[in-house]
Amino acid sequence: MQPLELVSELSAFLPTESVLYEGEDLRPYECDGLSAYRQTPMIVVLPQTEDEVIKILQICHRTKTPVVPRGAGTGLSGGALPHESGILLSLAKLKRILELDPASRTARVQPGVRNLAISEAAAPYGLYYAPDPSSQIACSIGGNVAENSGGVHCLKYGLTVHNILELRVITLSGEILEIGGSGLDASGYDLLALMTGSEGMLGIVTEIVVKLIPSAEKAQVVMAAFDDIREAGNAVANVIGAGIIPAGMEMMDRITTRAVEEYVHAGYNLEAAAILLCESDGTVEEVADEVLRIGEIMRQSGAIEIKTSRDESERLRFWAGRKAAFPAAGRVSPDYYCMDGTIPRKSLAFVLTGIERLSSEYGLRCMNVFHAGDGNLHPLILYDANQPGELQKTEEFGAKILEMCIDVGGTITGEHGVGIEKINQMCSQFTRHELEMFHSVKAAFDPSGLLNPGKAIPTLRRCAEHGAMHVHRGEEKFPDLPRF
Amino acid sequence: MQDVIDRLADTIRAAHPESPLCIRGGASKDFYGNCTPGRDNNLLDTRAYHGIVSYDPTELVVTARAGTRLIDLESELLANRQMLAFDPPHFTESATIGGCIAAGLSGPRRSSAGSVRDFVLGVRMMDGKGDDLHFGGQVMKNVAGYDVSRLMVGSMGTLGLLLEISLKVLPRPSVEMTVTLQMNESDAIERMNHWAGKPLPISATCFYNHTLMLRLSGAEPAVRAAHLKLGGERLEDGDAFWRSVRDQTHPFFQSNQFLWRLSIKSTTPQLSLPGQQLIEWGGSLRWLITDPDLPHEDVRKMSKAAGGHATLFRGCKPSMDAFHPLSPEMMLIHRRLKEKFDPLRILNPGRLFPEL
Ligand SMILES: Cc1cc2nc3c(=O)[nH]c(=O)nc-3n(C[C@H](O)[C@H](O)[C@H](O)COP(=O)(O)OP(=O)(O)OC[C@H]3O[C@@H](n4cnc5c(N)ncnc54)[C@H](O)[C@@H]3O)c2cc1C
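Protein chains in written order, with the numbering used here: chain A, 1 to 484; chain B, 1 to 356.
One thing to keep in mind: the hints can contain errors.
Computed Cβ-Cβ distance ranges for the label pairs, DEER-style [as the list claims (entries may be wrong)]:
no., chain 1, residue 1, chain 2, residue 2, range
1, B, THR180, A, ALA138, 20 to 26 angstroms
2, A, PRO327, B, LYS301, 51 to 57 angstroms
3, A, GLU30, B, ARG7, 50 to 56 angstroms
4, A, TYR125, B, ARG7, 37 to 43 angstroms
5, A, HIS433, B, ALA305, 39 to 45 angstroms
6, A, PRO124, B, ALA240, 37 to 43 angstroms
Among the chain B residues that face chain A by a calculated CB cut under 7 angstroms, a handful are [stated by the list, open to error]:
no., residue
7, THR58
8, ARG117
9, ALA144
10, ASP147
11, GLU176
12, ARG191
13, SER263
14, SER284
15, LYS340
16, PRO343
17, ARG345
These aren't lab readings, by the way, just hints derived from the structure by calculation. No residue lacks a Cβ here, since even glycine has one placed at the ideal position from N, Cα and C.
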């Protein structure tokens, strides 16, 4: 259908300001948090009700128009990258907290609600929503569901998938699916888990019931400095090995601490090769006990300096630098590229050393600031997009890091999703049959294939064309497809 | 072990829709799910594929073959002071980890620690075409591709044969204490919900016969402090009590009537249904022993109204549905998934829903 015909169909039930189709109006929607990829959408729609969402999808279904859902656009893998001849469906205006029930410790919210807004609304009841991505002041809960987002405290409290109970989902053909329930499980297949992390490929999430948990009585953070990054990596494994699950365990290397210290004055040891921030929370008694044990393990693991936060303001100051790491990267370099592999904790030292080596090989600086307790790496490669060839070099460096993650038994994405960014690496992580199964799952929800096309799961053809296919678990991939 | 896999694949590839396969591990949950006639004729026994593939305590991850017995797996974990925190029911000693994942049942610790699917990190499975597939992995966070491994949990073997499962494990709490408090049912429901909103180390709850049982778990000083706060009399052998609830050897479950499992909103007030009830999971799980003549509709409707669903847990007959019926929209998705994973309908057909 012609764009203007679509616009007039949409305008029949949406207010003028909710249907955008002219140059300047479309600009803010060209990319998500992965700004290296840009595409102007044909039309942007901003529905305010679920009913409007359904009508929009029915039109798209009938006219075979591709649809790309978008939350707050903070995604880092290009999942919300528009389609040139499609509709970008922003859920940003569905932003009401519909119900907050302190007794059952749940909140029913619309997808455009900001992650942090939920915890703010729950705070008067001594409750909060646990998953806390660093982007939590901006990112939407709908986007969190689509990416299965995590955060600093997910080591102990779980990812998005562990903290939601119920979803309302609209399929591309406009049907309503009620998934999950108010109990702790539901009848039939676990579609709640399947939807979580599905990157807007299976349906549009229009309502979410999240779990709220009681705020801890007390939290304290142990900051340990190491003069060898391998020792820091091993300390992480030692804490877990001792039977402690800290509320969070994050690592920052020297170039990161130096980049942030200037702004936050957290008191980081700037000579140390790496520092660990290890938080304990719980009852007063639990925390007192755990902090002592963590300190002792850090010492035995070779820490050169250990500080324990004495009060809440010091605790927040220790964390401030961790939270400021991304903006700091933006200040020390014109551009940065955030990677997101997960590896077994025991391989931390090995992979970090490997990244160091690659960094000097490529002549690109790399900051490491990440969820160490989960083995979830976030190398930030610093580059300058205005230098010809530097983005390409950066992407190559990044791809090498991801292959290293696969080699040690890890994965190419821990929490940022595949989107458009890691679609080629999917060919390295999965076999042909596995990818086919993913396409089948997609088809079960969206037989038309109009929802977020071209993302998350590569076509078999694409994998054949992508040179990086390697022999995986002893079998050759796509043996019957032509090589290019 | 590859020879075992090859044999399993041969069996699957040779199967016909007229004589479908019944996947079975330790037969501990034979009673569970729809009762499908003739299911003993074509057994696909998983027990030959057993043993722990890898276990590294500092990674908090164990990978086991589907036919591994739960007791063997758990005793290996216990030796390292770790556990399957979702506390799976065994019912019998023969229970396997494959059956545990396929049935998707969790025990008393579930309300505080999380469910089976919360701990599944990855699976190796065989679909209805005999293809050997890996989903997820051995790391804590993984969003590459759809979460097929968690989809397998509770699918009752209708989507594929589980071969290997990677699970997150947790350290055992250093101290556990069970206390008993006397009160009526509505007070118990109110108290359990109230306490769940407070930072207290409560790891399991059970109300039956005017008695609320609480298990406190964690560091010794924390457990002691919580006991002071909550009061209650200490129960000597707490472990044995929670095991009896988990494996349904507790006197409440000794009955020839129907056993219903109602999974509902935790704050739901006392349910007025004829029969006896036992409450777990802070009010979210209500077990009901009742007369087989009680109309199913009543139980289903009441659970639905309470935001949840009801399963006829024990007592199912060929003409009855064990699981709560789905909406037509949801059934459509289920049917399409089944068609993709098991196009010939040769894996446990009918065990979950007659349509699958
Ligand atoms: C500075 C910074 C720090 C970050 N830190 C973290 C972190 O610590 N942990 C982490 O996990 N992530 C982090 N992220 C990534 C990002 O914030 C998360 O992925 C977040 O969940 C995306 O939410 P969003 O609302 O911005 O979604 P968008 O970027 O708008 O969309 C993300 C994906 O979800 C789909 N989608 C959005 N809404 C819906 C819906 N209602 N229904 C169906 N599909 C939908 C989109 O199509 C797209 O595929 C960070 C990003 C930035 C920029």
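Structure versus earlier hints - violations, ascending order: Failing hints, ascending: 1, 4, 11, 12, 16, 17.
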